[in-house]
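Chemist: Single-letter residue listing:
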Amino acid sequence: MMQELTEIQKVNMEPGVMVNKSFAPPVRRLLWPSIIFVALITQIPFLITIYYSFQDWNLMRPDKGITFAGIRNYSKILLDAAFYEVLWNTFVLTGGTLVICLVMGLFFSFLMNRDFFGKGIVRTMLVSPFFIMPAVAGIVWKTMLLNPSFGFTAYFASVFRFPLIDWLASYPLTTIMFMIAWQWIPFFMLILLAGLQSVPDDVMEAAHLDGANALQRFYNVIFPHLLKYVEVAVLLGLIFIMQTFGEIYVTTAGGPGFASTNLPYFVYRVGFQGWDVGGASAVGVIIVIITIALMTVLFKFLRKTFQGELS
Amino acid sequence: MKKLSAVLVTLFTYVVAVLYFYPVFWMLITGFKKEGDAVQMPPSLFFNPTKENYQLIWDSGVVSFFSNSAVVTLTSTLFALLLGVPAAYVLAMFKLKKAEDILFWFISTKFLPAAGIIIPIYMLFKELQLLDSLWALILLYTAMNVPLVVWMMRSFFKEVPHELLEASRVDGASDIRTFFQITLPLVRPGLISTALLSLIFAWNEFFLAVSLTATSAATMPVHMASFMTQQGLFWAKMSSVASIAVVPALLLGWFTQKQLVRGMTMGAVKG
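Respectively, the protein sequence lines represent chains U and Z.
Using this note's numbering, the first residue of the first sequence is number 1, and each one after it goes up by one.
Using this note's numbering, the first residue of the second sequence is number 1001, and each one after it goes up by one.
You may find that some hints are simply not true.
One side of the interface only, derived from the structure: several residues of chain Z facing chain U at Cβ under 8 Å [claimed, not checked]:
hint, residue
1, TRP1026
2, ILE1029
3, PHE1032
4, GLY1036
5, PRO1049
6, PRO1086
7, GLN1257
It is worth saying that the hints were derived from the structure and are not from the lab.
In this text, a Cβ means the ideal position worked out from N, Cα and C, and glycines have one as well.
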């Protein structure tokens, strides 16, 4: 492509005929369809969610109709012990997964940041779990790996005479954490690998010449450079991992009790199992408020991080 | 000595990669096992492969779920490109006062959890009789992927050398001609990987699909979940359905590896 590009440049570039005028303004209207469409699908419904959250409305009780509830939906949720369990689960699940992903992603990116035979295939194998749909990832883990009678863990437990553990039943949240990490480590690996590969050669060389050993080079050159990439990975990972749903749906359905229910799954339970429109909307509003709060804090960093892209 | 340690690290890397990929690999081969072999203890790599499972699930109508997924995925990606590419073009090529705000607005819609809008969307589609219809998912997936297209394509458009466009103008080409003959061919690789990523995300989406479809518009992920509850004990059969569900996204993902980082970070990291 570069070849092609320079060819065109050669043909078309004549010195001294640079016109510094921008294109005709009507083109800018091309922005509007996308903005209007996205606003219509994502923003308006949210406003309606807010409205619903103040209504007493249960689809299972059509006889009761729809009445104004005031803040009753909110007070009910905020007084419900299950809600705090769910909140804590979301925090643990997201935070724990992020830590695992960061450590393992860093580890993988170091393994991949060298030349060796078959690198392409290894990379493909390591990246693959990211493309497995959450529903299937959950199923594969639940059956083939963790099934207490026929799964791999059962097999290893019997070979090494470990006590047999039904992981999903005994440690649902931790198990799901590793399941999600399996899918998201590739994401971290690729971003961090991009960071490692963009460490400027001349700086590394200078460090070499100054007699810095491997550890010093890592601490003083690579690490500061990598921080920006860590930031991007953690920010995006945080937002996406917080929304985990499919893995929970197919493995534990949020149970036992609420032990593995996170916020998105809570909305599903209240809305589509309890058919409580008002209550589910209120939880939805709370999730969005938490996300916005996180985003405003993070966007300050994000804007800085994405700056290169935004100038 | 140094060479030896390099070989050892490489071997170690192979082991890590094999272990990491193992669940996927195991699923793919279990799809070709007989039910008895699938739950054999100890798990065995050696067995007589059979097409029986694929025959069975083919007869049970997996095709309709697969085609639902295909229609929804392809259509929504096409729409997302039609809406997103022009916007990305404008944002990349012109100095707009609000450009930064618009971009961050787009990214924030992608970050907002779907759980925050699912209830009214459900009620609205119920009212419009669009529940369990492909259109419901097409609309939502389009909206889900427009921000991705805008951000990614903008980063590709920005790499087109400005001098080139000006030269083309000076040569008397119209804006439209410049776009189709110079800009578009230059960003084509980017356009392709943007489309592939959009396809992957739509193909794998689960939350909206499971909330808004039941049987007639169910996509592969939804079918997987209900298959699991109904016939979860038939591992071999389930593995073959799961393989069918997973392979398209895997293949697309392998093709798009080069631009993957840029896509996943909305263009922030070039990779």
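Chemist: Minimum Cβ distance from TRP1026 (chain Z) to chain U below 8 Å?
Modeler: With Cβ-Cβ at 6 Å, under 8 Å, it holds.
Chemist: Holds or violated: the hint that ILE1029 (chain Z) contacts chain U, with Cβ atoms closer than 8 Å.
Modeler: At about 11 Å, which exceeds the 8 Å cut-off, the nearest Cβ of chain U leaves the hint on ILE1029 (chain Z) violated.
Chemist: Identify whether the interface hint at GLY1036 (chain Z) stands, where standing means a beta carbon of chain U within less than 8 Å of its own.
Modeler: violated, 11 Å
Chemist: Is the interface hint for PRO1086 (chain Z) satisfied, with its Cβ closer than 8 Å to some Cβ of chain U?
Modeler: holds, 4 Å
Chemist: Using the nearest Cβ pair, does PRO1049 (chain Z) come within less than 8 Å of chain U?
Modeler: Result: violated, 17 Å to nearest chain U Cβ.
Chemist: Using Cβ atoms only, decide whether PHE1032 (chain Z) comes closer than 8 Å to chain U, and label the hint accordingly.
Modeler: violated, 14 Å
Chemist: Can we keep the GLN1257 (chain Z) interface hint, with Cβ of chain U closer than 8 Å?
Modeler: holds, 6 Å
In terms of the numbered hints stated before, the structure departs from hints 2, 3, 4, 5, listed from lowest to highest.
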